[in-house]
Amino acid sequence: METVAKFDISYSQSLNVSAQLNISLEQLAARGINHEDLIEFYRTMLLVRIFDTKAIALQRTGRIGTYASCLGQEAISTAIGNTMAAEDVFIPGYRDAATLILRGTKMEELLLYWGGDSRGMNFSINTQDLPYNVPIASQCCHSIGIGYAFKLRQQPRVAVVVCGDGGTSEGDFYESLNAAGTWNLPIVFVVINNQWAISVPRSKQSGCKTLAQKAIAGGFKGEQVDGNDIIGCHLKLQQAIDSARAGNGPHLIEAICYRLGDHTTADDASRYRDAAELEQAWKEEPVARLKTFLVENQLITEQQLESIQQQCSEAVEASVEKYLATETEAVSSIFEHMYQEMPAGLRQQLAQLETQ
Amino acid sequence: METVAKFDISYSQSLNVSAQLNISLEQLAARGINHEDLIEFYRTMLLVRIFDTKAIALQRTGRIGTYASCLGQEAISTAIGNTMAAEDVFIPGYRDAATLILRGTKMEELLLYWGGDSRGMNFSINTQDLPYNVPIASQCCHSIGIGYAFKLRQQPRVAVVVCGDGGTSEGDFYESLNAAGTWNLPIVFVVINNQWAISVPRSKQSGCKTLAQKAIAGGFKGEQVDGNDIIGCHLKLQQAIDSARAGNGPHLIEAICYRLGDHTTADDASRYRDAAELEQAWKEEPVARLKTFLVENQLITEQQLESIQQQCSEAVEASVEKYLATETEAVSSIFEHMYQEMPAGLRQQLAQLETQ
Amino acid sequence: MPEMTLIEAVNAAMSYEMGVDESVVVLGEDVGTNGGVFRATDNLQQQYGEMRVFDTPLAESLICGMSVGLAAQGLKPVAEIQFMGFIYAAFDQIICHASRMRNRTRGRLTCPMVLRAPYGGGIHAPEHHSESTEAIFAHVPGIRVVIPSSPARAYGLLLAAIRDPDPVVFLEPKRIYRAQSEMVADDGQALPLDVCFTLRQGSDITLISWGAMLLETMQAADALAERGIDAEVIDLATIKPIDKATILQSVEKTGRCVIVSEAAKSGGVAAEISAIIAEEGLTTLLAPIVRVSGHDTVMPMFKLEQKYMPSVAQIVTAVSKVMEF
Amino acid sequence: MPEMTLIEAVNAAMSYEMGVDESVVVLGEDVGTNGGVFRATDNLQQQYGEMRVFDTPLAESLICGMSVGLAAQGLKPVAEIQFMGFIYAAFDQIICHASRMRNRTRGRLTCPMVLRAPYGGGIHAPEHHSESTEAIFAHVPGIRVVIPSSPARAYGLLLAAIRDPDPVVFLEPKRIYRAQSEMVADDGQALPLDVCFTLRQGSDITLISWGAMLLETMQAADALAERGIDAEVIDLATIKPIDKATILQSVEKTGRCVIVSEAAKSGGVAAEISAIIAEEGLTTLLAPIVRVSGHDTVMPMFKLEQKYMPSVAQIVTAVSKVMEF
Ligand SMILES: Cc1ncc(C[n+]2csc(CCOP(=O)(O)OP(=O)(O)O)c2C)c(N)n1
Ligand SMILES: Cc1ncc(C[n+]2csc(CCOP(=O)(O)OP(=O)(O)O)c2C)c(N)n1
Ligand SMILES: [Mg+2]
Ligand SMILES: [Mg+2]
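Residue numbers (the numbering used here), protein chains in the order written: chain U, 1 to 356; chain D, 1 to 356; chain Z, 1 to 325; chain L, 1 to 325.
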């Protein structure tokens with residue numbers, strides 16, 4: 001018996017639960033993260049947290065539909081948005097407000113979507129990013145086509161695709177890992193392991209010790225990062241994206257975090273989830289952690305904190321106003337965009353509907 | 001950065017390319033393989049080889065349809081059949097004549113199937129085994145239900161499911177690995193890596209160094225074995241099956257062999273495959289290897305060899321005769337077995353057909 | 001005799017059958033502790049244990065494919081697909097395996113499984129949560145497709161589906177999961193899987209529908225009655241195999257037929273009904289067969305979904321035109 | 001002008017378009033060195049290189065899903081599914097993504113892809129290799145479904161499919177891949193994707209068919225002519241969206257219609273055609289609309305497949321009955 005292959009999975013963290021950073025600020029700056037960046041990280045995470053809170057309130061008052069908040073995932077989602085280049089393509093799931101906002105999607109576009117209006121996915125800035133994706137893990141296959149297109153055209157671009165811990169059980173996830181490995185494509189897979197797939201805990205989703213090891217089945221490297229640590233997430237993602245851009249192929253990052261909210265506004269997590277577990281998770285969450293770090297190290301002033309809070313609230317409110325002021329699309333829009341040109345049969349159905 | 005998981009993949013072999021056995025016959029006997037077993041191994045492999053040759057001839061003369069021979073896979077297929085217990089369940093692909101024959105399927109049943117008659121899958125002996133399976137890797141999901149049933153009923157039974165190197169790229173393969181690991185089911189996955197999926201070589205199927213490492217994504221052990229070495233295959237399978245039966249969960253074995261023939265009788269491998277590669281593969285093939293070992297170690301006589309050859313040929317011929325003597329089913333059989341009771345609509349369609 | 005909503009009836013049927021038949025197992029995403037996202041499997045795990053009622057990993061092909069394996073071992077899996085919009089990944093296992101196992105083995109192995117899924121629109125759900133593609137399943141030989149439209153029928157049809165020796169796709173109209181309650185004797189009585197239910201006798205026109213659209217169809221029948229039009233209303237219920245006899249008899253009596261369905265129009269189940277009448281009942285027809293249905297479009301996001309779903313007014317208009325023909 | 005079989009025409013169309021449009025890429029299982037198991041992609045890799053013509057891992061959902069991604073990046077993927085029996089694993093990507101990308105993004109991203117697959121029975125193939133489930137795709141809003149029935153139409157329709165800005169499922173009747181040759185000017189001329197082809201003018205009855213069954217349908221028309229029955233034969237060709245006008249006009253002229261298809265009868269495309277006539281052309285009908293089709297059974301293994309496929313005799317009998325009605 002002879003050993004023919006060996007693999008190992010690593011876990012990394014930069015800013016720990018006690019808000020201690022394990023590298024110096026100078027080293028951090030050398031790796032591209034400056035003081036202002038840290039403040040911007042905080043601003044984005046806070047913005048999204050305020051946006052999430054607002055969106056849930058809008059749902060409760062019937063002004064949008066079911067909403068999937070990213071409470072607890074702000075760090076990894078922000079890190080993705082910050083490390084991607086404009087010309088890269090982001091392939092989201094449905095819990096990625098932070099990343100989309102950083103990519104250019106307007107908050108009113110997000111609200112339109114959750115408000116049941118597909119104009120929300122007609123992104124005006126990040127026009128090549130894929131829309132939100134609901135059928136779990138199916139987006140992974142799209143990332144393969146996008147990564148292949150980059151390779152075919154010899155463009156130094158990267159596709160970043162996310163899915164959840166639950167998503168790693170789907171065939172599409174794995175078919176994509178295998179294809180990415182086969183063609184050595186410039187794709188970064190980010191598994192946002194928030195410990196739950198609706199009511200199914202991570203332990204019942206897979207017998208694997210880590211989800212990062214799924215990458216081994218694709219023939220490339222996977223690793224874990226503390227998903228509540230925005231600095232660690234940023235550094236790891238930057239590495240992975242740079243490496244993919246340089247032609248070194250795909251990479252998988254499992255970001256370990258926690259879904260602090262219900263699955264969506266249609267869910268009641270107290271049915272299946274321990275209060276103690278949730279309480280513990282709140283102690284590890286990313287926004288407070290970064291804030292503590294910034295405050296403890298005098299990197300931010302009380303005044304700055306306040307003004308950021310206010311700017312974020314105003315931005316969210318402004319987007320809500322724009323959303324609420326948007327008129328519902330005409331009935332004809334149902335028939336438009338089915339095909340580039342509306343076929344005769346659809347024209348007939350539309351005419352019938354409009355005369356009724 | 002801390003290492004949180006480590007894996008390795010091993011390769012094992014007992015009878016090497018030069019027909020040298022790396023364990024003594026006494027040790028072998030202690031592990032359950034006696035002199036007579038070795039001769040039986042040879043008999044089964046030879047039987048299947050003769051059956052394959054005959055089946056191809058029957059196809060060429062229009063007496064059966066497309067046929068997928070298992071030329072080159074006799075060792076691993078025989079080992080599966082020999083190590084499974086009668087009460088276990090086998091979940092085949094379409095290239096598993098040796099295993100099925102050992103499970104009790106009659107050769108005339110196999111010919112019926114390839115002759116376009118579904119009565120061939122109405123196994124008279126191994127009544128719980130699944131029929132041949134054509135949609136690649138879909139059978140893996142069935143094995144999960146079967147393994148789950150064993151576990152639910154606390155039966156010490158094992159499901160053994162096979163697929164090819166190509167099959168490891170399908171989502172169903174992986175969804176099954178993950179489920180088997182999650183529930184710790186008594187399932188042995190055997191990947192028969194014959195290096196080709198029709199015209200697609202192993203190297204273009206996956207960027208993985210080994211296919212055995214796919215098991216890591218399921219959270220359990222995978223290993224490689226020389227698939228041309230029936231003794232090594234037998235020992236490894238026995239271990240895996242015993243372990244699964246004892247409640248230790250699933251196992252994946254990648255059996256490395258070579259598809260010596262065309263993909264099926266409808267294929268022409270010379271379009272895409274190097275003659276030199278094929279020539280080399282013939283030097284490593286399992287039947288000659290075991291024969292050489294038996295002869296060189298005086299474990300078989302010339303006379304025994306001849307009589308085995310003759311017995312096998314006769315058995316094959318007898319099955320062919322039975323097959324050819326089988327009358328085609330009545331037209332009504334198309335409508336039967338669609339449902340337990342034939343619905344009114346089908347009765348009407350059948351009546352219509354019979355009056356025409 | 002308890003009052004039950006449709007979803008409670010679904011739950012009661014599973015609970016009843018698990019109690020009397022040890023071979024019934026329930027599986028799917030979130031069916032265990034959570035009792036299903038709609039609570040269809042509420043309390044089943046507490047009653048029958050974690051082995052018989054279990055959450056699967058998030059993988060629909062697995063759910064269906066492992067059910068085929070469970071059934072081959074003599075169990076009776078009742079699997080939930082969380083929404084019909086996520087059933088497609090399981091389609092390969094349905095059409096290649098569940099529907100064919102009996103046929104392929106000449107009856108040696110069978111596939112007594114049920115695949116339940118909430119279906120249909122009208123609840124302001126996100127994308128992919130409002131599908132009504134029953135026609136796709138109704139074209140697959142070897143399976144049954146059943147859609148209940150009331151608590152009592154949900155109870156009786158689901159029991160029948162679980163007991164049926166062949167695979168059944170059981171689609172639950174989620175818009176009416178909690179729309180009405182009725183008395184359902186939880187007595188284990190199944191309903192037949194091969195006949196339509198005539199919900200209302202009438203002589204002027206036959207209205208055929210299924211699932212949640214029967215709500216609007218019955219309301220339309222009431223409105224039509226006020227105008228002196230006496231509509232017969234048929235709940236198709238068993239979409240596959242279809243009960244041609246009831247349909248043809250009704251149309252023979254009324255001479256007119258309007259079919260109401262929320263599915264996309266082209267190639268829907270309504271087309272099959274229409275074709276049956278055009279083939280076997282043409283001479284009884286006094287007017288064209290009209291389909292009031294969804295459009296040949298994607299179900300729009302929910303702001304516009306009401307413009308997609310057939311309305312009572314549309315049914316009444318269509319019937320009026322047919323009557324005036 | 002070269003003589004081509006249908007499969008050669010398919011090959012020529014892809015080769016032509018790859019030559020004039022750099023954005024066209026060809027992918028699938030065995031499409032590279034091997035040129036496809038039917039040789040549809042023969043020589044394309046040699047002509048256009050390994051990046052534009054490439055073998056994928058054995059994964060149909062991937063093939064379709066990555067095509068969606070390729071298309072979103074402005075490429076025009078022409079993907080092969082080796083047999084229609086293996087397309088089902090890709091169905092989720094077709095119905096959830098390919099068909100909706102334009103709609104979901106209000107036209108921002110589109111999906112100009114072609115999914116080619118050999119389809120249909122009659123070649124003595126193994127299980128799962130003789131499927132004709134085009135109806136399932138014809139029910140999906142947002143895609144086109146196209147089936148050619150001659151070399152020239154295969155060439156022109158495939159060119160049109162590749163150039164079309166929306167997703168097209170292109171089903172190739174493999175039974176007639178090599179049945180006939182005809183002159184095809186390899187000149188890049190596409191055919192329209194929204195009209196049927198009237199292959200034969202006639203006044204007594206309209207026969208509608210598509211794919212390989214047109215062979216038997218045309219033979220039946222010849223046989224009927226000898227009996228003095230003048231049949232019009234329509235090649236449906238574009239299954240989705242369907243060309244209602246040509247069908248309705250023909251039936252208005254003839255008053256009779258028989259639809260010939262090898263698919264399972266219930267819920268097939270024939271049902272939709274029948275429903276269209278029953279809805280919009282009923283008054284023109286002189287007799288019931290009859291479907292001559294496969295049965296509501298699994299396609300039997302090949303020993304009996306001829307008993308499954310409609311025969312010339314069956315078509316003639318059906319027409320005779322309709323004429324005598
Ligand atoms: C194919 C598919 N199956 C089922 C669902 C229903 N569903 C929505 S979210 C979800 C759980 C997803 O869990 P995970 O992947 O961990 O993502 P998270 O919601 O935690 O971000 C399920 C089962 C779906 N959207 N798509
Ligand atoms: C789902 C599916 N896709 C495609 C095919 C067509 N096909 C038949 S065999 C084969 C290659 C299989 O290769 P592998 O899994 O290595 O098995 P082998 O034939 O080498 O035993 C393909 C693509 C199929 N049968 N099923
Ligand atoms: Mg999760
Ligand atoms: Mg192989």
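No lab work stands behind these hints: they were computed from the structure.
By construction, the Cβ of each residue, glycine as well, lies at the ideal position given by its N, Cα and C atoms.
Careful, some of the hints might be misleading.
Computed footprint of chain Z on chain D, listed as stretches where at least three residues anywhere in the stretch have a Cβ under 8 Å from a Cβ of chain Z [unchecked claim]:
#1 96-103
#2 171-177
#3 215-224
#4 233-245
#5 338-345
Stated coverage of the segment 96-103 of chain D by chain Z [criterion: 3+ residues, CB within 8 Å] = It is violated, with 0 qualifying residues against the three required.
query = Against chain Z, does the segment 171-177 of chain D show at least 3 residues with beta-carbon separation below 8 Å?
reply = holds (count 4)
request  = Check, residue by residue, whether the segment 338-345 of chain D contains three or more positions whose beta-carbon lies closer than 8 Å to a beta-carbon of chain Z, and give the verdict.
outcome  = holds (count 6)
task = Mind taking a look at whether chain Z covers the segment 233-245 of chain D? Criterion is 3 or more residues with CB to CB distance under 8 Å.
result = With 0 residues closer than 8 Å to chain Z, the segment 233-245 of chain D misses the three-residue bar; violated.
message = Is the coverage entry for the segment 215-224 of chain D by chain Z consistent with the three-residue Cβ rule at 8 Å?
response = violated (count 0)
Of the hints listed earlier, those the structure fails to meet are numbers 1, 3 and 4, in rising order.
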